[in-house]
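Since the structure of chain Z is provided, determine the placement of chain X on it from the hints.
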Amino acid sequence: MKRTLAILLANPLSLLGVVLVALVVLSAIFADVIAPFPEHRGAVVDFANFNKPPQWPYIMGTDLVGRDIFSRILYAYRISLVLGVVVLAIAVPIGVAIGLVAGYVGGWTEYALMRITDIFLSIPPLVLAMSIMGVLEPTLTNGMLAVTAMWWPWYARLVYNITRAEREEGYVLAAEVIGASPTHVMFREILPNCVPAIVTKMTLDLGFVILIASSLSFLGLGVQPPTPDLGSMVADGAKYLPDSWWLTVFPGLAILVAVFGFNLIGDALRDILGADQ
Amino acid sequence: MSPIVRILAKRLGTSLLVLAGVSMLIFAIARIIPGDPARIALGPNATAEQVANLRAALHLDESIPVQYGYFLKDLSQGDLGVSLYTNRPVTQDIAQFLPATLELVLVAGLLMVVAGLPLGILSARFRGGVTDNIIRMISLLGVSAPSFVWAVILMLIFAFYLPLFPIAGRISDVYAIAPVTGFLLVDTLIAGNFAAFADASWHIMLPAVALALSGIGQAARLTRANMIETYDRPYIEMARSYGFSERRIANRYAFKPSLIPSLTIIGLDFAAMLGNAFLVEAIFAWPGLSRYGVAVILRKDLNAIVGTVLVISATFLIANIIVDLLIAFINPRIRLSRRAS
Chain Z
909 MKRTLAILLA NPLSLLGVVL VALVVLSAIF ADVIAPFPEH RGAVVDFANF NKPPQWPYIM
969 GTDLVGRDIF SRILYAYRIS LVLGVVVLAI AVPIGVAIGL VAGYVGGWTE YALMRITDIF
1029 LSIPPLVLAM SIMGVLEPTL TNGMLAVTAM WWPWYARLVY NITRAEREEG YVLAAEVIGA
1089 SPTHVMFREI LPNCVPAIVT KMTLDLGFVI LIASSLSFLG LGVQPPTPDL GSMVADGAKY
1149 LPDSWWLTVF PGLAILVAVF GFNLIGDALR DILGADQ
Chain X
2 MSPIVRILAK RLGTSLLVLA GVSMLIFAIA RIIPGDPARI ALGPNATAEQ VANLRAALHL
62 DESIPVQYGY FLKDLSQGDL GVSLYTNRPV TQDIAQFLPA TLELVLVAGL LMVVAGLPLG
122 ILSARFRGGV TDNIIRMISL LGVSAPSFVW AVILMLIFAF YLPLFPIAGR ISDVYAIAPV
182 TGFLLVDTLI AGNFAAFADA SWHIMLPAVA LALSGIGQAA RLTRANMIET YDRPYIEMAR
242 SYGFSERRIA NRYAFKPSLI PSLTIIGLDF AAMLGNAFLV EAIFAWPGLS RYGVAVILRK
302 DLNAIVGTVL VISATFLIAN IIVDLLIAFI NPRIRLSRRA S
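Taken in order, these protein sequences are the chains called Z and X.
Position in the first sequence (from 1) plus 908 gives the number in our numbering.
Position in the second sequence (from 1) plus 1 gives the number in our numbering.
Bound-form chain Z, shown alone:
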């Protein structure tokens, strides 16, 4: 763990990733302190200052009802990060359990579980999330549900592939010979060997969950106003391009910065842990 951290900080690219992610996380946590206009996270209207280009004190300009874009981006980060963590906290255990069982038990269980996984994987990710959001009311919780539904199959596939390879290893056989239960073999013997790959994928995915969630709200199927969200900020501003460019460019760059940061770290982790799939 210490070694991993040292390597992360030694490489300039992954150091950049750590800095970007730290910036994003800190600005989300301390949004109340940093934001020049914390009240602008909600349904505030200030027509005296609407649609202002970047200028002091609005360093990223104001939106069409006069809210500070910088403040809204900070609060949008908070929601995006919570969403990303919750989605992974639900999707990863489900996917991992399915992958482990399918890979270890084999037979009909394996066939059924993996075909179900394939079905989820053969609907283009965004389309699946969109159809679920279409059925449910567009709220934050349902958005998380929709993204979770499209996310677990990737972990099922990943863990399934590793489990199939590990199943034949000597240590698994040894555990079976001394009478370990299937549950013990799966969760205590095989699972620890999947952890590096899972952690690496989770780091990369935290960025991608933010990306997909912003895509959903860009289409109007995610977080609803007045809650600040990067995707819907881009969508709302896109109609006023190119004149009011700050409405779209800053939220767009905010997504880029966050996802780029997670990707830099994820990439470095993959090299360090050698968990290339």
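Be careful, since some hints might not be right.
[Stated by the list, open to error] Partial pick of chain Z residues on the chain X-facing surface, computed with a CB cut under 10 angstroms:
| hint | residue |
| --- | --- |
| 1 | D1026 |
| 2 | M1038 |
| 3 | D1175 |
[As the list claims (entries may be wrong)] Computed footprint of chain Z on chain X, listed as stretches where at least three residues anywhere in the stretch have a Cβ under 8 angstroms from a Cβ of chain Z:
| hint | stretch |
| --- | --- |
| 4 | 16-28 |
| 5 | 149-163 |
| 6 | 296-305 |
| 7 | 310-320 |
Since the hints were derived computationally from the structure, they do not count as laboratory data.
Ideal Cβ positions, reconstructed from N, Cα and C, are used throughout, including at glycine.
Below, chain X without anything else, positioned relative to chain Z:
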């Protein structure tokens, strides 16, 4: 039977199974909708009797498995039902909007191959060097923003500040092209109108690049990673001891084995593009399936939702079969094998 035909048969079989699963899944999702689709379609002024009639016509009062049975029966006759949003057969709607989306996705897919693979090769050949670092940064940036953000950035730079490309649409209004295939790049050629072809190509460039950027990054990254592994193999050492140029070693020997995993990823990215096309189309006012798809989802138009998702998934499965066949064709272990693995 040649191994390739066998693979084709096997893949077609599983694809049909998966498609049946997709249809059940999406059908189930679409039927647990809160709210009465018949009431939504007819509006608040309809009488209870009208709503009841429409419910009966749509089989909404039956159980979900029975409804699914009706759906399959209609589907076997090429009928996906009537869209409550446009009041036209869903198949007709999809036939109108799908070609524009497919054209965009195909061009983006092409860009992904012709830009992503060479970038990956260059990156691996000069690994650790400046070229490598620049390409790695670009590919990572490419995958780090949703395609709608790239669409906005490309549009601002290359259509507004440097007016090199058109801002929106598929083709300039001055050209009237008879729709034959629905693919403008093909239809303009059929019409023999090369000016219109050039114009349509010009219009598709920015949206296609915006859509392709993340795929380009993905393909370049994967090609690089696989090639670097290949570089450690003895046969590369041997090629080097023969005195072959680094370029030849990279393009011919180190690249070949990495082509197979790269193609697999390209197939998966194609699926992502079918979804992401929705985002790019919204920015560039591209008259594809996007606006229709979002509109029917927001209006809970069951038939149209099921139809759209089904058609997109089928397209994705077909693309994957093509990729699998390509891989089988490229890989001599499969192409020349007597038994299918």
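Here is what the structure says about each hint:
no.: 1; hint: D1026; result: holds, 6 angstroms
no.: 2; hint: M1038; result: holds, 6 angstroms
no.: 3; hint: D1175; result: holds, 7 angstroms
no.: 4; hint: 16-28; result: holds (count 7)
no.: 5; hint: 149-163; result: holds (count 8)
no.: 6; hint: 296-305; result: holds (count 4)
no.: 7; hint: 310-320; result: holds (count 5)
Checked against the numbered hints above, the structure breaks none of them.
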